[in-house]
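Below, each chain spelled out in residue letters.
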Amino acid sequence: VALADYGSGNTRSVAGALWRIGAEVDLVPSPDHLPTAAKALVLPGVGAFRSCVHKLRLSGWSAYLQGDRATAEGFPVAVLGICVGFQVLARQGTEGGAVPGLGIIEGDVDSFGGSVPAKHVGWDETRFTAPFLGFTDGDLVDFYYDHAYAYPRSTVGCAAISGVGNEICVAAQVDRVWGVQFHPERSGDAGLAVLSGFLRESYG
Amino acid sequence: MARVRVIPKLLIRSASFGGADRWIAIRTTGFEKQTNVGDPLSQVRILEAQDCDEYMVLFAGRHLGRDLDRWCQLVAELSDIVSSPLTVGGGISSADEARRILASGADRVCLGRQVLEDGSLLGRIADEAGSQAVVASLDFQTIEDVNESGGLFLLRDGRETDLAGLGKVLVSLERFGAGQIHIHDMDRDGSGMGLNLAVMEAASGFIPRTPTIVSGGCGSAVHFADAFMRLPSAGVAASTYFAKRNQSPLEVRAQIANAGLDLRRPFALPGIRAGR
Numbered sequence: 001v002a003l004a005d006y007g008s009g010n011t012r013s014v015a016g017a018l019w020r021i022g023a024e025v026d027l028v029p030s031p032d033h034l035p036t037a038a039k040a041l042v043l044p045g046v047g048a049f050r051s052c053v054h055k056l057r058l059s060g061w062s063a064y065l066q067g068d069r070a071t072a073e074g075f076p077v078a079v080l081g082i083c084v085g086f087q088v089l090a091r092q093g094t095e096g097g098a099v100p101g102l103g104i105i106e107g108d109v110d111s112f113g114g115s116v117p118a119k120h121v122g123w124d125e126t127r128f129t130a131p132f133l134g135f136t137d138g139d140l141v142d143f144y145y146d147h148a149y150a151y152p153r154s155t156v157g158c159a160a161i162s163g164v165g166n167e168i169c170v171a172a173q174v175d176r177v178w179g180v181q182f183h184p185e186r187s188g189d190a191g192l193a194v195l196s197g198f199l200r201e202s203y204g
Numbered sequence: 001m002a003r004v005r006v007i008p009k010l011l012i013r014s015a016s017f018g019g020a021d022r023w024i025a026i027r028t029t030g031f032e033k034q035t036n037v038g039d040p041l042s043q044v045r046i047l048e049a050q051d052c053d054e055y056m057v058l059f060a061g062r063h064l065g066r067d068l069d070r071w072c073q074l075v076a077e078l079s080d081i082v083s084s085p086l087t088v089g090g091g092i093s094s095a096d097e098a099r100r101i102l103a104s105g106a107d108r109v110c111l112g113r114q115v116l117e118d119g120s121l122l123g124r125i126a127d128e129a130g131s132q133a134v135v136a137s138l139d140f141q142t143i144e145d146v147n148e149s150g151g152l153f154l155l156r157d158g159r160e161t162d163l164a165g166l167g168k169v170l171v172s173l174e175r176f177g178a179g180q181i182h183i184h185d186m187d188r189d190g191s192g193m194g195l196n197l198a199v200m201e202a203a204s205g206f207i208p209r210t211p212t213i214v215s216g217g218c219g220s221a222v223h224f225a226d227a228f229m230r231l232p233s234a235g236v237a238a239s240t241y242f243a244k245r246n247q248s249p250l251e252v253r254a255q256i257a258n259a260g261l262d263l264r265r266p267f268a269l270p271g272i273r274a275g276r
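Top to bottom, those sequences are chains A and B. No gaps in the numbering here: position 151 of the first sequence is 151 in this note's numbering, and each next residue is one more. No gaps in the numbering here: position 38 of the second sequence is 38 in this note's numbering, and each next residue is one more.
Everything hinted at is true.
Derived EDC-like pairs: lysine to aspartate or glutamate, alpha-carbon spacing no greater than 20 angstroms straight-line: (1) A:K55 x A:D26; (2) A:K55 x B:E128; (3) B:K168 x B:D139; (4) B:K168 x B:E201; (5) A:K55 x B:D127; (6) A:K55 x A:D5.
Everything labelled a hint here was simulated from the structure, so no lab data went into it. Since this is a predicted model, take the numbers as computed values, not measurements.
Kindly produce the complete structure, drawing on both the sequences and the hints.
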């Protein structure tokens, strides 16, 4: 599995979790370095939305991910975005002023609507609302979160919800692109199950 | 709202065995008296088997300095063991050291005395790695407990301040970009008498938007449950408590569950495997 190493991610923690489920991990700084045999790409991301988008542009990942994803021929690599690596797939983010995202997921990433506490930190219950990487509609699972911005529940392709009043979308799928707001690399066996599900989806 | 967080905290220092430097976990009383607990890697493996919500690992020294490379090696090994977030602190004096520790697999760095003296250091790390990667630590000693006149507290930079002053320090740490704040009662550290909940509640109240991790004094599983009753959105960290052989996160979790508090549920879905 390829792990995008574009200077904005807890890359080492994610690599550690992938190793734990028996994956071989290639740290890949830009699409030019992507091994031809790679069928799965994990896109981590922490920090500010703006800075992640900027670094994805500089490293070429942005243009690569915006390519033709409709078919496995046009886009042979399945993608899993994690945390801000999921958020950057949005139409736009509002952290530190409106910034355009990659426009892959039909939704805008915004701060939580006036709810207190403003940060969503810690283990929290997550309700799946559609099939997602081995999970099914109705599954209730605890994952680890650490974020202050999120997709709204109305996001196209939303497959799981969490937070106060279940108002945020924490997992979504569009074509061969999956994304999760929580940290599967730091969510115990539940998180490893998400990563395993992604690898099964990518490699069959 | 997110679940309550039980956070074992490991204090680690370097020791020489037969000419070779090794890391050993220790426990302290009042930051002074030290007792060896064992090998940090095996300590963390034991904790990992017992459903911890997060980990804090602290270097018990003033500056990492020339130990930085070895420390980062240990952080990488610990990072590969844990499947919950790992906060690493102690002895960090520069943004470059913080960057090295994060690149080694820490999810967050924790800075105490250094950011009291220079809050901009916190800001520089937060700008680069994001505020979620930065925990500020406010370590205090109590000269006079909370009372009508506000109490009196001694901070790591030598400052004496009342409760309102403590609040100002917390707000400034938040403004500099701390994603969370660890509030640590040095006097009760290792005492086992329970947290000073009056101070912790008042202090957390100054920064309602920022999650806190309170520590110093947990000596029984009931102390954790008491703390969560008063501070449902805080994490509770403890070092001495977990360093004792007969006490474990499992016992704490049972106590918390019995108190009716909202605890993380273990992963159990039929037909879904964690491994490949």
